[in-house]
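Asker: Each chain, written out:
There are 2 protein chains.
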Amino acid sequence: MLLLSRSLNNLYKSSSILQSRKISTSIDVTKLSTTRTSTPKPQTPKANLVFGATTSDHMLEIDWDEKNGWHAPVISPYHPLSLDPACNVFHYGIEAFEGTKCYKDANGNLRLFRPELNMKRLAHSMVTLSLPPLDQGGFLACIRKLVEMDKNWVPDGEGFSLYLRPTVIGTQPTLGVTKSKNCKLFTIACPVGPYYPEGFKPVKLLAESQFVRAFHGGTGDSKLGGNYAPTIRVQAAAAQQGYSQVLWLYGAKKLVTEVGTMNFFCFWTNKKGEKELITAPLDGTILPGVTRQSMLDLARRWGEFKVTEAEFSIHEVIDAVKDGRVIECFGGGTAAVVSPIRQISFEGKTFDIPLHPSNPNAGAGVLTKRYWDTLADIQYGRNDHGFPSWSQII
Amino acid sequence: MLLLSRSLNNLYKSSSILQSRKISTSIDVTKLSTTRTSTPKPQTPKANLVFGATTSDHMLEIDWDEKNGWHAPVISPYHPLSLDPACNVFHYGIEAFEGTKCYKDANGNLRLFRPELNMKRLAHSMVTLSLPPLDQGGFLACIRKLVEMDKNWVPDGEGFSLYLRPTVIGTQPTLGVTKSKNCKLFTIACPVGPYYPEGFKPVKLLAESQFVRAFHGGTGDSKLGGNYAPTIRVQAAAAQQGYSQVLWLYGAKKLVTEVGTMNFFCFWTNKKGEKELITAPLDGTILPGVTRQSMLDLARRWGEFKVTEAEFSIHEVIDAVKDGRVIECFGGGTAAVVSPIRQISFEGKTFDIPLHPSNPNAGAGVLTKRYWDTLADIQYGRNDHGFPSWSQII
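Those protein sequence lines, which keep their order, are chains A and B. Going by our numbering, 170 is the number at position 181 of the first sequence; the sequence numbering is gapless. Going by our numbering, 295 is the number at position 306 of the second sequence; the sequence numbering is gapless.
One or more hints might be untrue.
Remember, identical chains collapse to one label, so a pair may be satisfied in a single copy or spanning two.
[Stated by the list, open to error] Derived pair list, reagent style DSS-like, types lysine-lysine, alpha-carbon separation capped at 27 Å:
1) 109 x 35
2) 261 x 109
3) 311 x 20
4) 295 x 264
5) 358 x 140
6) 295 x 168
7) 56 x 93
8) 109 x 168
9) 30 x 242
10) 193 x 170
11) 134 x 20
12) 168 x 193
13) 311 x 260
14) 190 x 264
15) 264 x 311
16) 134 x 358
17) 295 x 358
18) 170 x 11
19) 243 x 193
20) 168 x 11
21) 295 x 11
22) 170 x 35
23) 168 x 35
24) 168 x 190
25) 30 x 261
26) 93 x 338
27) 170 x 30
Simulated from the structure, these hints should not be mistaken for lab results.
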């Protein structure tokens, strides 16, 4: 595989040769053109917001082609994309996306949460797709401009935000399965409300090993469209049985991986008797979640229990449940932020996961609730909890 | 997993309940509307045809939505698709495609080759994507009409054909990762020439085990866009090292799977001393190729050697090369039809694959050439070789 790595390096070198031909390798926010809508859309009342169903007034587009590199960015009224039906996004899944939120703080400031981690992940997804190197700072600067244009679309209040969907698609209009000579970055925005309007709603997970989300040598660590389509039928079947999400397992050991829309955390007393927060390691099969990273960073700063990124199996979780060693389980992801877990089903048997040690009416465990409160403090700019760089005023 | 199968069945039952509400579950060719272009495109000279780069004058579209089912089919002048940027085809890889060819015979008849196998595979891909059941006969009837509209786009001559690209994409314009409430079937057509204008050009394969194309519990047996995007960078790296294609391996045993654009066949004397044609079995990781099936069907009819669909590893192929037991290796797929293989590289070592036992200038082995001639006979309507149903006059 040395040969392969060397060739991948050569591909990058040949793209740097192209730079000498005045190809634009940067996304230049100073060249941004903006057209404001003359017919603003009516806004959905906050109580009626459904995730991803309402889009804002404007969108950002940045085209790239092999000869010219990145074109000047454009913000214009939200509109359909007009694409040749031979474009490779329709045939070969050349697409990747990100999800991040813009929050309004009590002073009316708009804030992004660690958006550079989304840009870094998108750049990685674009490498996986053989798309050009992403100018992460340039793209983020343009996204900030989009938020400014649509600032009246950022709802206020705890749990409300403007969900941003940076996306890249292949736009070469030919059917060869080759490196795309054209692509389009775009960003749309959706006002969203809290996942749990009446407080936490702990979820039930179906642990699944027949169908597999990602695999070693695959693309589980990139946020590609193709990772999501196959999960829908498994998710739908789980929902029919009353489970809100699928907990994806991997391999003969039935390793716990992630939930697809969020990463999975178990807070337990391990076999050595230590309190430990454990989540699957970034071994290529796991999406490197921004919320996941923030939860790990917070726990390591708190220094109150062991924090572990390592392989663990569903059998180990079940054994710990049976031994009374599981304290809480929860998911972490941008959409729901923190999701308490109250039940896991595996091979026809259902296991109750503890929520709170003393309050039977609590919707979430102590650590789960602490994460929720801490992240909300940071995201809405009330308290940076020692991480002043995470919440960034636009 | 019984529970899961039961739920999937329930999903289908609930879709049959919908039928009672007069949802159109069939694609009705009698409702087809056609608009002929008023500005026919100039045609690319046959010698300049590049695979998938030239499209014909018309395209077929059939929309589906959850409330109404399949809409009336439409053939109209080739045009861009206009799609909301929130459509799930751009975000979650809800897309699948087929490839089949229309051949012109010596009498000027247009012929399709086993197109019902493409429809069957597309129907399977749509199940994988949680899309509605496909009316295979109805869709094929509409595709035949498209070919009739574009009959002047079918080039004549051995190796020439009109490549048809039936495609389905998710068109629901919301960001939820759920069963799509809207989709669009479409078909575009590209005149194509022979892969090897000056006769066979035997290819070199790079056997790859670091990156994996498909996996058990995944979608390797469906023709989804998401299966292709991740292969491009591996293919590009292989091309930089002088290999035309990647031979994808799987698992610790390094099983031989397929080439991505074609299935892989080894014709050898096995360890028992029997002449045997072997290819990977349809275990969920392999695309069920129409050419693959036809090669197996022909060999079984010939009855001259053992025909096996079974797991075999790259180590077994290499051992057979070293022992002088490999007679020929070749690939089979719609685009190139038959590709002789002259070299396989694995873990830095290169192995020469025999082409022809007596003619050092032959571009292909005896069996490879026989497949090429036989399939061309059938596809161009010269001789059905005992399979009168395979080549179908439009």
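Asker: Confirm or reject each hint.
Answerer: Consistency of the hints with the structure:
1. 109 x 35: neither (32 Å within a copy, 45 Å between copies)
2. 261 x 109: neither (37 Å within a copy, 54 Å between copies)
3. 311 x 20: neither (61 Å within a copy, 61 Å between copies)
4. 295 x 264: within (6 Å within a copy, 61 Å between copies)
5. 358 x 140: Intra 30 Å, inter 66 Å, cutoff 27 Å: neither.
6. 295 x 168: neither (44 Å within a copy, 40 Å between copies)
7. 56 x 93: neither (40 Å within a copy, 38 Å between copies)
8. 109 x 168: Classified as within; 21 Å inside a copy, 30 Å across copies.
9. 30 x 242: neither (52 Å within a copy, 58 Å between copies)
10. 193 x 170: Classified as between; 25 Å across copies, 44 Å inside a copy.
11. 134 x 20: Within one copy, since 12 Å is at most 27 Å while 48 Å is not.
12. 168 x 193: between (41 Å within a copy, 20 Å between copies)
13. 311 x 260: Within one copy only: 13 Å inside a chain, 51 Å across chains, cut-off 27 Å.
14. 190 x 264: Answer is within: at 25 Å inside a copy they meet the 27 Å cutoff, but 63 Å across does not.
15. 264 x 311: within (17 Å within a copy, 56 Å between copies)
16. 134 x 358: neither (34 Å within a copy, 61 Å between copies)
17. 295 x 358: Within one copy, since 18 Å is at most 27 Å while 65 Å is not.
18. 170 x 11: This pair counts as within: shortest intra-copy Cα distance 16 Å, inter-copy 45 Å.
19. 243 x 193: within (19 Å within a copy, 38 Å between copies)
20. 168 x 11: within (20 Å within a copy, 45 Å between copies)
21. 295 x 11: Classified as neither; 51 Å inside a copy, 59 Å across copies.
22. 170 x 35: This pair counts as between: shortest inter-copy Cα distance 24 Å, intra-copy 42 Å.
23. 168 x 35: Only across copies: residue 168 and residue 35 sit 25 Å apart there, 43 Å inside one copy, limit 27 Å.
24. 168 x 190: between (44 Å within a copy, 23 Å between copies)
25. 30 x 261: neither (58 Å within a copy, 74 Å between copies)
26. 93 x 338: Classified as neither; 43 Å inside a copy, 59 Å across copies.
27. 170 x 30: between (35 Å within a copy, 23 Å between copies)
The structure shown violates the earlier hints numbered 1, 2, 3, 5, 6, 7, 9, 16, 21, 25 and 26.
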